[in-house]
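S.K.: Here's the letter readout for the chains.
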Amino acid sequence: MSDKADVWQGTLALMILKTIQTMGPLHGYGIARRIEQTSGHRLSVNYGTIYPALLKLEQEGAIKSEWGVSDNNRKAKFYKLTRSGRRRVDKESRAWEQTTAIVARFLEPTEDPA
Amino acid sequence: MRFIRASLSRFIGLFSRERRDRDFADELASHLQMHIDDNVRSGMSPDLARRDALLKLGGVMPTQQIYHERSSVPVLENLVQDLRFTLRQLRKNPGFAGTAVIIMALGVCASASIFAFVDSALIKPLPYQDPTRLVGVYESVGMIPRSNLSYPDYLDWKKSNHVFSSLDVWNGQSYLLRTNEGTELVTCTRVSDGFFRTLGVAPLLGRDFYEGEDLLEAPRTVLLSYQAWQRRFGGRQDLLGESITLSDITYTIIGVLPREFQFALRGRSEFWTTLHPSGGCDLRRGCHGLYGVARLKDGVSVQAASAEMTSIAEELERQYPDSNRGQGAAIVSLSEAIVGDIRPILLVLLSGAGLLMLISSVNVASLLLVRSQSRRREITVRRALGAGTMRLVTQFVTEGLVLVFLGGGLGLICASWTVKLLVRLIPARMLAGMPYLQDIGIDFRIIAFAALLSLCAAILFALIPALQLSTSDLRDGLSEASRGSAGTLWRRFGSNFVVVELAIAVILLVEAGLLTKSFYRLLHVDNGLEADHLATVALALPEASYGKDDQAVAFGRRLVSRIESLPGIEGVGLASRLALSGNGNTTWIRVEGRPFNGEHNEVNFRDVSAGYFGALRARLVRGNFFSENDDLTKPNVVVINRALEKQYFSGEDAIGKKIGNTQLAPKSVRQIVGIVEDIREGSLDEEIWPTIYIPFNQEPETYFSVVARTSQPESSMLTTLVAAIREIDPSIGTYGESTMNDRINDSPTAYLHRSSAWLVAGFALTAFLLGLIGLYGVVAYSVTQRTREIGIRMALGAEPTSVYSLILKEAGLLILIGTAIGLACSLPATGMMTHMLFGVSSWDLPTMAAAAVLLSISALAASFIPAKRAASLNPVVALRAE
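Line order of the protein sequences matches chains A and B.
For the first sequence, position 34 (counting from the first letter as 1) is numbered 21 according to my numbering, and the numbering increases by one without interruption.
For the second sequence, position 148 (counting from the first letter as 1) is numbered 154 according to my numbering, and the numbering increases by one without interruption.
Accuracy of the hints is not assured; some may be wrong.
Okay, the calculated bits of chain A under chain B, using three or more residues with CB under 8 Å as the criterion [unchecked claim]: (1) 34 to 44; (2) 47 to 57; (3) 61 to 67.
What the hints contain is simulated information worked out from the structure, not anything from laboratory work.
For every residue, glycine included, the Cβ atom is placed at its ideal position computed from N, Cα and C.
Modelling step: build the complete structure from the supplied sequences, incorporating the hints.
M.R.: Structure (structure tokens):
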């Protein structure tokens, strides 16, 4: 376990949104699996934590849910982005990129100031 | 925005909890199924596949719990749960719930009702522009600290002061108005030109008075009150410029005052005219008939204004020693002038209601305490099952809030009726002078006040079981044998509560006793007349036909003989001002043949007919009353009252002496022919002033009253009297017909004494009952707690009498402490009402003793019931009792 990172606070929402954006409508199990896969199994995700996060996103109006049938013919609840959800992914992705870029500059080895 | 949306959706989630939970259970099931499918496909055994899926999920229950908490608002959800639980508890125990709610409602009702009056009278600002800068302006002389201004003084004060941005005057006036129904006397007011500008009131329609419009040479104009406009002109917009005849003088209507305009000092005035100073009184510096109202300049205090006006008055005194001797100045804020008299009464009532609220809350609190004792087991069990202290406290707070909400709500509904009832009980004539009560009712301020009180009560209620919680021990509460120690908290608080209740009951009983005694004294004060069987009516004669002395004298004679001839009339009198109408209408007298240094010997003067003393059954001390024949053709005579004799003729015989005005003008000099036992001219609680009675036939008036002694019930004669007057001349205005007893009982003094006595007695009775119930509860509970102990004592041979003394001693101690504290606290409490008491001091020992004895005996009797139950216990049963 120790070599796996925990999910940072607040980033799970963005991961979920990005996953749905990439994969299209998807159920909770699928989203959890996909996040694990995307991270190259380097993130330890308690699958159970996906659901409150999904609920929060739904309450905030970023996603919508609907019962449907999975690839393997199981009944499952599918989540898909709403219009405001799509806008939110774009905005938050950009913000995230910016943040990481800034943090990265600090971590780069630099020459001593003259 | 996102947060608001989420919160809203969570709040809505409160109401769809079950459906959502079921939906999520399905979702989890499908999640697990898919995971297991995948695991099996990758080669796990079905058991392992399932275990791995569950492990990865983090458990079904915790996931559901977290999901559930996110789906709605947990705090609110608990609250809803607590509310349901509380309501169930209260329903299960309707006796407790009903008692607690009713007691709370009583307290809230009393306090909210009284507060409604306090708010209307004392807190809401007067409906004028910047009302705190307005002051009442008066002259002041020895007997009358706030007396009227004379017109010349007013002009000088206005000219020489630097403290008022404006100073105006007004005085009450009644005019005769001819209407289709006959002649009516209407209440009007004369004002100086800037009166409405000083108040900051603009007419609704038309214009205000011009500057200078109050001078004699200005055309006569009139402003209408909104009510007069509606009632007499049907609210016509086009009435401006029309004319109206008041007491035979024609006025042009120039405007209508706003609907909400009120002037409490004058009551309901229909027409507002300007001064037009003329005639004997207005132009004389010594004749005081006006009231002042002024606006202070910015930064000038009432005290500063008072100081400046006093020095101006002193200057005038030097300038006009004859007329202005002893005439000072008095400036008070306008609100003080309007509600200064009733403020102390309202505050006493409010504190009484507050005490009642306190005793109610304490009573309910002790009920809750008893109940929390019996719920120890429940609490302990819930605790053992994992309920946290906070969670339990929240539950108690909820219970307290529910009780308070129900009680407070009921109390407010009750208060809205009480307020209406109380207003209806105010005599109409008094209500006219209290326009600030016209839209009294339960508004948001009253609700806020009640809510605040209730909140305090709720905190008290919630605190008690919470305290219980902190002292209770898990093991102790569960064990059967814990009964013996269960009462510690109870002993600590329960008995203190009772002491508080008893003490409050004593305070209120003493207050009620004092007010009742004072009211009794007031109604039984010697008025110098027999008030039963007296019917009175006031009349106004038109100046045109009765302005000359002989015309008025002739009319007086005709009127008296007409009324005397009516069946059931035993005597008739006329008076320029009836007994008990208030002191005032004074003159300055001087005794002939005595050294005189211009001092002002102020006395009431009354023009009365020869039959007046007989009709009142006034008592002659010495000499004679004057006769019908003492008229303008005969030498001037006068009857004086005993107070005047005592003040000016002590040690000598007044009969035959002569008195006159300050100059001893020949026309004013009169010989004293008789001394009458003091007839009360002022209100019931005022001192008797020296008074002179002059024959009506020697100084006739056009405004006066008739008083008739009847053999039948006097109220049935009122209409007959009015009809007889109208029959003589329909152009005469009559008003204020009432019996002498009604005049006494409805007088502001009697009303204020009566209503405060009744209200405080009501509070006291309620407090008394609540105190007894509280004590009974304590003693009964203590007996239950000590059942086993009593059983052991009896088994060991204790007599029933010793059981009695055991219980009654405990009760007696509480009663003693409660009564003692109550008596001690009643002293400062009654000290507050000193000026409300008449003929009884706030230290009245018999009243205090009576209150203490009444409470002690009743309280002992109340504790006797449980004591008896204890004494008649069967020891065998008692020992087994658990």
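S.K.: Take the hints in turn and mark each one as holding or not.
M.R.: Structure-based check of each hint:
1. 34 to 44: holds (count 7)
2. 47 to 57: holds (count 3)
3. 61 to 67: Holds, because 4 residues of the stretch 61 to 67 of chain A bring their Cβ atoms closer than 8 Å to Cβ atoms of chain B.
Figure legend: structure checked against the earlier numbered hints; every hint is met.
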